[in-house]
Structure formats: structure tokens, C-alpha cells
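Using the sequences and the hints, build the whole thing.
Those protein sequence lines, which keep their order, are chains A and B.
Residue numbers for the first sequence follow numbering that gives the first Met the number 0, beginning at 0 and rising by one.
Residue numbers for the second sequence follow numbering that gives the first Met the number 0, beginning at 0 and rising by one.
Just so you know, these hints were derived from the structure itself, not from any lab.
Any given hint could be a false lead.
[Unchecked claim] When the alpha-carbon atoms are kept at most 27 Å apart in a straight line, the in silico DSS-like pairs for lysine-lysine are as follows:
| # | chain 1 | residue 1 | chain 2 | residue 2 |
| --- | --- | --- | --- | --- |
| 1 | B | LYS248 | B | LYS283 |
| 2 | B | LYS139 | A | LYS140 |
| 3 | B | LYS101 | B | LYS378 |
| 4 | B | LYS492 | A | LYS59 |
| 5 | B | LYS283 | B | LYS101 |
| 6 | A | LYS56 | B | LYS492 |
| 7 | B | LYS247 | B | LYS287 |
| 8 | A | LYS121 | B | LYS382 |
| 9 | B | LYS101 | B | LYS287 |
| 10 | A | LYS1 | A | LYS59 |
| 11 | B | LYS139 | B | LYS456 |
| 12 | B | LYS283 | B | LYS247 |
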Amino acid sequence: MKFNDTITGAALLALALTILQTVMQYPVIPGQNIGPGAFPGLLAVLLAVCAVLLIIKGLKAKSHEAWVEIGGWVKSWFHLRNFLITVFGLLFYIYFSDRLGFLICATLLVGVMMWALEVRAKLIVPIAVITSLVIHFIFYKGLRVPLPWGILAPFQW
Amino acid sequence: MTTAVLIQAFWLVFDPYVLLVILCSAIFGLFVGAIPGLSATMATALLVPITFFMPPVPAIAAIVTATAMAIFSGDIPGALLRIPGTPASAAYTDEAYQMTLKGQAEIALGAGLVFSAIGGLFGTLVMILFSPGLAEIALKFSSFEYFWLVVLGLAGAVFIGNTSVLKACISLLLGLLIACIGLENPAALPRFTFGMNELMSGVELIPMMVGMFAVSELLRYITNLDPPPMIVNKNIGNIFAGMWDLLKKYRWALVRGSALGTIIGIQPGSGADMASWLSYAMSKKFSKEPEKFGTGHVEGIVESGAANNSSLAGAWIPAIVFGIPGDSITAIAIGVLYLKNMNPGPMIFVNNPENIYAIFLVFILANIIMVPLGWLTVKLSTKILRVPRNILMPIILLFCIVGSFSINNSVWGVTLILFFGLASFLLEENGFPVAPAILGVVLGTMMEENFVTSMIKSDGDPLVFFTRPIAMWLAASTFIILLWPVGTWAWDKLRSPKIAA
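Here it is in C-alpha cells:
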């Protein structure tokens, strides 16, 4: 997913201006000419300058590039699907790990990803279960990280 | 005093637990480096959540050992599959593969191993000789000098070796702005927190780095359209045969490569990758037989194989002396040191010299055990290269999740790896280098603190930044780096009409 430099530049310029507007509202420390907004403000000004240069560079490019160039992987359903599975797998973990527990979420995530990456079917379940159990053992027992139990809480060990 | 400290350091390192950590991280590093698509930086990012639970010395030992091993073992798939295992081997992958085609895989891999170890020891020696002296000078630095030092480091990171200076600059500014998030600024005002409690203490470094260096590489693997590599089935003979003759023949190339690598390492922002490209180019330039380069000639491998390993040690010099990382790996390591309350900087040489000597010892040890363990890895390489990556990648993702969760025992860490994984993937797709951003995040707080302290000390008069003697020199060097591209551009503009006419 490659954006034209002009678009990237415009987005960065908008970001820089938002930051500038935010730091303007920061309180001033009485008797001191340098407040909490000074440093981020300076960075935002520099970012704005760079963004403008990037916009100019994008506009001046000899052969005008496409506004958005879609990478080869987006056109290949297999790769796009796997990309989305990875991202949504992480989101799934973020939202459900507390409720369902680490072991269930981890097994599902690893299993679905291996299925997506075309691991042999009969290997998927054993590997997913064993990996989750081993990592759970190392971190929960070994390093005492309180991984959530979720609905498996009654079987806690 | 020094002997006592040395003995103390010796005991710190030759503790069974530390030795076990070194052995395990060596095996881990060799494995990760040998698998194409998993880099030395990723090895570090994956190790960090584990080191979080260790005392400082084994934590640093794990990172030092794993990276040294990974940078060597990246040569293995380069020679056997023509795919560099880590970006630092890319410069001479073609050369090594040509040697394999000629039936000289043993020499290519042997040279990679032996000269990697020697290069690493060279860099370590430079570090041992120079960092205590530098630290003594650094003790005299005030906020003005530190401010310039950070700016100089960041300028180097942006201007040296990036294809687009403008994009590197933007990447750096984004990193510095991320460092501004949270309460930890001189005025203790919560900035850019969007009302989220999680952001009050700033963005945690470890989940961010796991996201930027592990999750993003995973996404890159998943979206990679290249067909899977062909596995060569080949028995590898004695890789040490003929190494002594190579050592005698190419001793100057070895010294040149190691020295250049160390310098590139010291210079912030560029590490092993750059060291290896530049020294390969230099080797070709100074060689007596430049026409043989690219046809399976070992000279370039000797020189750049030494260079990429020596740069690892070089990168630690500014990291421990000033707290300014020399590459992305030391940027991560500095993050770890801060978590361990072992803030890098010259005071560490005064307060905990035994820890510094322990780091030196670990470097020496790592480069020595690299030879037998590396030999074993080469022997097993055809098996390692067969490890199915489609099983490995989901496991790595799970590891990233647990690792980032364990920093605060909160799912917020997982949110951060997703955000920074996607951000860094998108940035790289659009040609923005990631290394300047990570330096910006690590150095942002230090830069702001020194900037604000200096401004308050000088009553808001910016001229003071240029009047102290050392500060003046640092400022001058910064401006030379900053104005260099402008100068060469103007020079070209002035000259080109005459050439055209």
C-alpha cells in the first residue's frame, strides 16, 4: 500500500498543525519563557516544514505516480486474507483474552494462522495446543505472569 | 581498584546462571539468524520480554550474545540459498552463493565464521580501550554538550546512509513526538494522552519495539509474494580448512573491515547492514583483484563479514558512554537498561564499573563461543533451513503477545504491538526508514530535558548553546553534517552548467 508523497505529506502536515494547535493551549509557567509546549511545538514546526517539502517533492515528481499504489499482496486474495487474519487475530486477542482466557485465545489464534498459512491439517491442532500450553507454562509458572484464565478459571492449575 | 572490579566482573559473568543464559541465547541467535525473514533486530525484540525478568548483567549478556550469533548465522542461508538470513549479510550474499556454486561453500561459510569472530573481537577491543576514557570526558559534559551530542547523533542517523533524507527526517520527528507522550516531561504536564490513563506514563518501549521489529516483520513475511526458497541438499565438509592462509593473505583487508565496521557502529543510526555494504564496496576498491568480485571471490566476505560483527561492539560505545544508541539493537538494549535502573551514561563507569567490565567480558566470550557453536550450526544448517516457517510464524506472534502482555500484565501492551507493527509496516512500504524513529523515541526525553535545562540556565538565550568550548565543537560538527547535503547539492548545481557547456 504505497501512497503518493503528496498524500503522505498532506496527512503529516495535518498532524503537525493539530499538534501545534494542541500545544498552544498548554499552560505557561510564570516567570519562565519555556513551557511544556516548547519542545513538541518545535518538533511540530519542523515536521510541518518536512511535510511541505514532501508535498512539493510529490508534485514535482517527473512522472506523476498513482495517488495510491496498491501493493501486489493486496491483489492476491491469499496474502490479503492472511494479513487480515493476523491483524484481526490480534484484535480478537485484545478484546477476548480476559473473557475466554489465554489458553483458548492462544490456541485459536495459532491454529487459525497455521490453517491460513497452509500447514498440514493433521498438524494444526496438536501444534496449536502444545504451543499454547508450553508458553503458558513458561510465562505463568516460570515467570509468574498472570495470564488470564477466563472461562477456564474453575480448572485453574 | 581495577583488579578488584575485574574479579567482580568475572564472577558476575562466570556465574552458572549467566553462562546458561549466554548458551541459550547463543543457540537462539544462531537459529533466528539462519532463518531468512528473521533478523538480528527481531531476535533482540523477541528476547527483551524475557530479559525483563533477569538482573542487568544476564539481560545484557543475552542481547549481546544473540545478536553477535545472528549476524554471523545470517551468512548461512546467504551462501546456501542466496537469501540473506539477516539484512547484514545481504551485501555479500551473491558472492557467497557463487562460491557455493563453484563447490567452495566450506570456504565461504568458514570465512564468514572465523572472520566474524575476529571482527567482533576487534570491535570489542576498541570498546574496551576507548570507552573508559570517553566516559571520563563525558563526566565533564553539562546539559549543553548533551543536547548537542543527541542532536549530532540524530543528525548522523538521518543523513548517513538513507536513500531519502527527507523521509528519514520525518521518521525521526515522529519518533521524537512519540517520546513527548505522557507525564514525563520537565513540566510534568500530561501531553497527547487523549485522556487515556495508559498513556500517562508514556508509550512503553518494549511493546513498541516488539511491534516495530517483530510484528512488522511478521506482516512482511505474510505479505511476501516470493516463492519459497529451494533447499539445497548438501553435505558440508571441514569449514576451517585453509582459514590460516586466508588470514595471512587478507590480514589488511581484515583490519580495514573491522575498523570501518567499528566506526559505522559508533556512528548512531547505522549498524551492521550499513557496515557490511560499505566495507564490501571498500574491499572491492582497494583489492588487487577487483575483477574477481561477484564471481565467488572470498576477499569481500572476509572484509565485510568482519565489518558487520565489529559494528555490533562499536554501537555499544556511545550507548554505554553517553546513553546514545549506535544502532537499532542498542536502542532496544538501552530501553532494557533504563527498565533495570541501570541508566547508561558516564556515571555507570563510576557507580557500577563491574557491570561495564562484565559487558566487555560477555562480548569476548560471545565471540569466542561463536566459533564452535557456529560450526555446529553450519553442520546442522540443512536441517535448520528446513524448519517450516508457516509453523514458526504463528508461534512467534503468540510469543510477541505474551511478551508484551507481561510488561504491565495488561492487554494494553498487545494493543501497542498491533499499532506499532502496522505503523512500521506502512512506513516501510512507503519508503520511510524505521531506525531513525526508534532513535527518536529513545532519545526524545533526554533531548528535551537537556534542551529545557539549558534554556532555563541561560535565561532563554540560545547563544549559550554555542559559547562553551566543547559544545561549540559539537555544534560545529552537527552543522557540518546538516549542511553537507545542501553543500554538495549547491556545488553540483554550480558546476553542472559548465560541464554541460
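So, going through the hints one by one against the coordinates:
no.	hint	in the structure
1	LYS248/B / LYS283/B	holds, 15 Å
2	LYS139/B / LYS140/A	violated, 47 Å
3	LYS101/B / LYS378/B	holds, 19 Å
4	LYS492/B / LYS59/A	holds, 18 Å
5	LYS283/B / LYS101/B	holds, 20 Å
6	LYS56/A / LYS492/B	holds, 18 Å
7	LYS247/B / LYS287/B	holds, 15 Å
8	LYS121/A / LYS382/B	holds, 22 Å
9	LYS101/B / LYS287/B	holds, 21 Å
10	LYS1/A / LYS59/A	holds, 18 Å
11	LYS139/B / LYS456/B	holds, 17 Å
12	LYS283/B / LYS247/B	holds, 18 Å
Consistency with the previously given hints fails for number 2 only.
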